[in-house]
Amino acid sequence: MATTTPDLPRSRRPKGAARPGDRIFSGLSRGSGITLLVIMAAIAVFLTYRAVLAISQDSTNFFTTFEWNPAGNPPVFGIAVLAFGTVVSSIVAMVIAVPIAIGIALFISHYAPRKLAKPLAYVVDLLAAVPSIIYGLWGAIFLVPYLDGLNQWLDTYLGWTYIFDKSSDGVARNLFTVGILLAIMILPIITNVTREVFLQVPKMHEEAALALGATRWEVIRMSVLPFGRSGIISASMLGLGRALGETMAVAVVLSPSFLISGHLLDPGGGTFAQNIAAKFNEADEFGRDALIASGLVLFAITLLVNGAARWIIGRRKEYSGAAA
Amino acid sequence: MAKRIDVSGLSAYYGTHKAIDDISMTVEPRSVTAFIGPSGCGKSTFLRTLNRMHEVTPGGRVEGKVMLDDENLYGSHVDPVAVRRTVGMVFQRPNPFPTMSIFDNVAAGLRLNGSYKKSELNDIVERSLKGANLWNEVKDRLNKPGSGLSGGQQQRLCIARAIAVEPEVLLMDEPCSALDPISTLAIEDLIGELKERFTIVIVTHNMQQAARVSDRTAFFNLAAVGQPGKLIELDDTERIFSNPSVQATEDYISGRFG
Ligand SMILES: Nc1ncnc2c1ncn2[C@@H]1O[C@H](COP(=O)(O)OP(=O)(O)OP(=O)(O)O)[C@@H](O)[C@H]1O
Ligand SMILES: [Mg+2]
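Residue numbers (our numbering), protein chains in the order written: chain A, 1 to 324; chain B, 1 to 258.
FYI, nobody ran anything at the bench for these hints, they're computed from the structure.
Any given hint could be a false lead.
[Stated by the list, open to error] So the derived list for chain B, only partly shown, Cβ under 8 angstroms to chain A, looks like this: (1) LEU47; (2) ASN51; (3) MET53; (4) VAL56; (5) VAL78; (6) ASN95; (7) THR99; (8) ILE182.
[Unchecked claim] For each label pair, taking beta carbons as the anchor points, the in silico distance ranges come out as: (9) ASP22(B) x THR215(A): 28 to 38 angstroms; (10) GLY40(B) x GLY27(A): 26 to 36 angstroms; (11) ASP125(A) x GLU55(B): 53 to 63 angstroms; (12) ALA82(B) x ALA129(A): 43 to 53 angstroms; (13) LEU47(A) x TYR116(B): 56 to 66 angstroms.
[To be verified] In silico DSS-like pairs for lysine-lysine, Cα to Cα no more than 30 angstroms straight-line: (14) LYS230(B) x LYS65(B); (15) LYS18(B) x LYS203(A); (16) LYS144(B) x LYS118(B); (17) LYS144(B) x LYS203(A); (18) LYS118(B) x LYS118(A); (19) LYS117(B) x LYS130(B); (20) LYS230(B) x LYS139(B); (21) LYS115(A) x LYS203(A); (22) LYS144(B) x LYS130(B); (23) LYS118(A) x LYS139(B); (24) LYS117(B) x LYS139(B); (25) LYS195(B) x LYS130(B); (26) LYS65(B) x LYS117(B); (27) LYS117(B) x LYS144(B); (28) LYS230(B) x LYS18(B); (29) LYS65(B) x LYS203(A); (30) LYS195(B) x LYS230(B); (31) LYS230(B) x LYS115(A); (32) LYS118(B) x LYS130(B); (33) LYS118(A) x LYS203(A); (34) LYS139(B) x LYS118(B); (35) LYS118(A) x LYS65(B); (36) LYS139(B) x LYS279(A); (37) LYS65(B) x LYS18(B).
Note that the structure is predicted; figures quoted are calculated from it, not measured.
C-beta atoms are modelled at their ideal positions from N, C-alpha and C, and glycine is treated no differently.
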């Protein structure tokens, strides 16, 4: 034993010679990084190729057509209704979910006594873990009949707003119901992220407002919300991303049709993800290519929304709390 | 404006921990009183009981009386928010509202208190920034964010924000400890000017600073770690630094502490 020359202690190894562990690890991580990029590029190329194949065979304008019949002769299909339904249901969801989520997050982070805040935060976490199909079933079985009454009420008292004017009869399997359901589904994630941001507001910013004689609400307005602004936007975008792409819940609740109506309470409409889920199994290869094309449009919308959010966050960077 | 502070039998707690014990003192209007003492003896805690900021700390609790002229700040009908509007505070680290412009920072307290005409607001902001000796440096960029200023400028902005609402008393907790010597001198000069109009209480670890800016000095100490801090003596600054009446004060000031 004593005859073997001992290794140099690790810390005294010359700097230049990389240890085998380092080399293996850096090789592995670089390799997996490259693999990921290659896979993503392959997917993108494949999807774009199939989408272009489909769109080039479309006999009408892909972006303005109110119909989905790629199996027809000639094939007629377009995304107008899907884009409308996706955007409208997501807007409804955001309009409902964002203010409520901010309210809950503020309550948990700044109003609730600690004994209540913990369990409440836990419940919100739990809601985020419920699978979307469960929300969908709950929406179809419970929410739809329940909302019939609300829809009648909205029609009667807010019908003059046009969007709440119900022009045709039928149960509440409409974009408004989808929007409400999506709002419930994205509420937990928006709440959680904003709550985390609100909890990170430096104490010195809040005390600055307090020392001027601000009430609790004024502290929130002067210190908490401005500091949390970019976090609120990011959280909303996370929620919006989920709302735009939500499939099962929409597919279960909506009675799809290829019509665009500005009356939110009219049954029918469709979304990208719902349409893909509904049509994919029975579609032939060309039909699937057409669905892929619609999926790419959804992807483009999501990218656009994210870009816009980044731009909003970046625009007032010098005013953000990060510098202080 | 500028009122007398009269503290009697004041103790403050963090949960069950008693941080300061049975403090009584009087602070004269239009004077500067410095608080000195070793770290952890409760200077900040005591200062924060003077504008009811102590109780925003979870578990924070106060016993005793703080009279501002003839109103007890801890009276049962007193709204802590109203107290903080009459007793201003400047913190150790400059804390301008990062999302607000320089102008809006100074106007923030005014906007809380009521509605002002644009021209009134302009006047008060200008007067406050001049009062804080910052006007010349920022008059061309009032709409730029306050967080873009240097540390010393930010601290003077915070002072301008605090004096804009014309408080009765101005509390400062180590306002220069994050600043360079030149900014420190600027703020010390400013304190000399502000005491014409306000009652000022300042916490400092810098003996020279206490000697330079204050009329009266209070020395706090604690018997041992974990024990509550106590007021050892309060006297004219000159007296405290030349001939204090308690041995512990002399030991602390001459660096023979511990
Ligand atoms: N938020 C808090 N929660 C619990 N205990 C606290 C809190 N803040 C201060 N204390 C305790 O109260 C005592 C007094 O603290 P304080 O900050 O008033 O001292 P200080 O004299 O201002 O010290 P320094 O000179 O270091 O600023 C200390 O024992 C400290 O540990
Ligand atoms: Mg302190």
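Here is how each hint holds up against the structure:
1. LEU47: violated (11 angstroms)
2. ASN51: Since the shortest Cβ distance to chain A is 7 angstroms, the answer is holds.
3. MET53: Since chain A brings a Cβ to about 6 angstroms from MET53(B), closer than 8 angstroms, the hint holds.
4. VAL56: Given a least distance of 6 angstroms, the restraint on VAL56(B) holds.
5. VAL78: With Cβ-Cβ at 13 angstroms, over 8 angstroms, it is violated.
6. ASN95: Status holds, d = 4 angstroms.
7. THR99: holds (4 angstroms)
8. ILE182: Violated - the Cβ of ILE182(B) stays beyond 8 angstroms from chain A, reaching only about 22 angstroms at its closest.
9. ASP22(B) x THR215(A): 28 to 38 angstroms: holds (32 angstroms)
10. GLY40(B) x GLY27(A): 26 to 36 angstroms: violated (52 angstroms)
11. ASP125(A) x GLU55(B): 53 to 63 angstroms: Roughly 31 angstroms apart at Cβ, these two residues miss the hinted range, so it is violated.
12. ALA82(B) x ALA129(A): 43 to 53 angstroms: holds (45 angstroms)
13. LEU47(A) x TYR116(B): 56 to 66 angstroms: holds (59 angstroms)
14. LYS230(B) x LYS65(B): holds (16 angstroms)
15. LYS18(B) x LYS203(A): Measuring from Cα to Cα gives roughly 22 angstroms; hence the hint holds.
16. LYS144(B) x LYS118(B): holds (18 angstroms)
17. LYS144(B) x LYS203(A): holds (23 angstroms)
18. LYS118(B) x LYS118(A): violated (45 angstroms)
19. LYS117(B) x LYS130(B): holds (20 angstroms)
20. LYS230(B) x LYS139(B): Violated, because 44 angstroms separates the two Cα atoms, which is more than 30 angstroms.
21. LYS115(A) x LYS203(A): holds (21 angstroms)
22. LYS144(B) x LYS130(B): This hinted pair holds, its Cα atoms lying about 18 angstroms apart.
23. LYS118(A) x LYS139(B): violated (47 angstroms)
24. LYS117(B) x LYS139(B): Holds, at roughly 20 angstroms.
25. LYS195(B) x LYS130(B): Holds, at about 15 angstroms.
26. LYS65(B) x LYS117(B): Distance ~38 angstroms between LYS65(B) and LYS117(B) Cα, so the pair is violated.
27. LYS117(B) x LYS144(B): The given pair, whose Cα atoms are some 21 angstroms apart, holds under the 30 angstroms limit.
28. LYS230(B) x LYS18(B): Roughly 11 angstroms separates the two Cα atoms, so the pair holds.
29. LYS65(B) x LYS203(A): holds (27 angstroms)
30. LYS195(B) x LYS230(B): holds (26 angstroms)
31. LYS230(B) x LYS115(A): Measuring from Cα to Cα gives roughly 34 angstroms; hence the hint is violated.
32. LYS118(B) x LYS130(B): Answer holds: LYS118(B) to LYS130(B) is near 18 angstroms, not above 30 angstroms.
33. LYS118(A) x LYS203(A): holds (20 angstroms)
34. LYS139(B) x LYS118(B): Given that 30 angstroms is the threshold and the Cα spacing comes to 17 angstroms, the pair holds.
35. LYS118(A) x LYS65(B): Not satisfied, since the Cα-Cα distance of roughly 35 angstroms exceeds 30 angstroms.
36. LYS139(B) x LYS279(A): violated (65 angstroms)
37. LYS65(B) x LYS18(B): holds (16 angstroms)
In terms of the numbered hints stated before, the structure departs from hints 1, 5, 8, 10, 11, 18, 20, 23, 26, 31, 35, 36, listed from lowest to highest.
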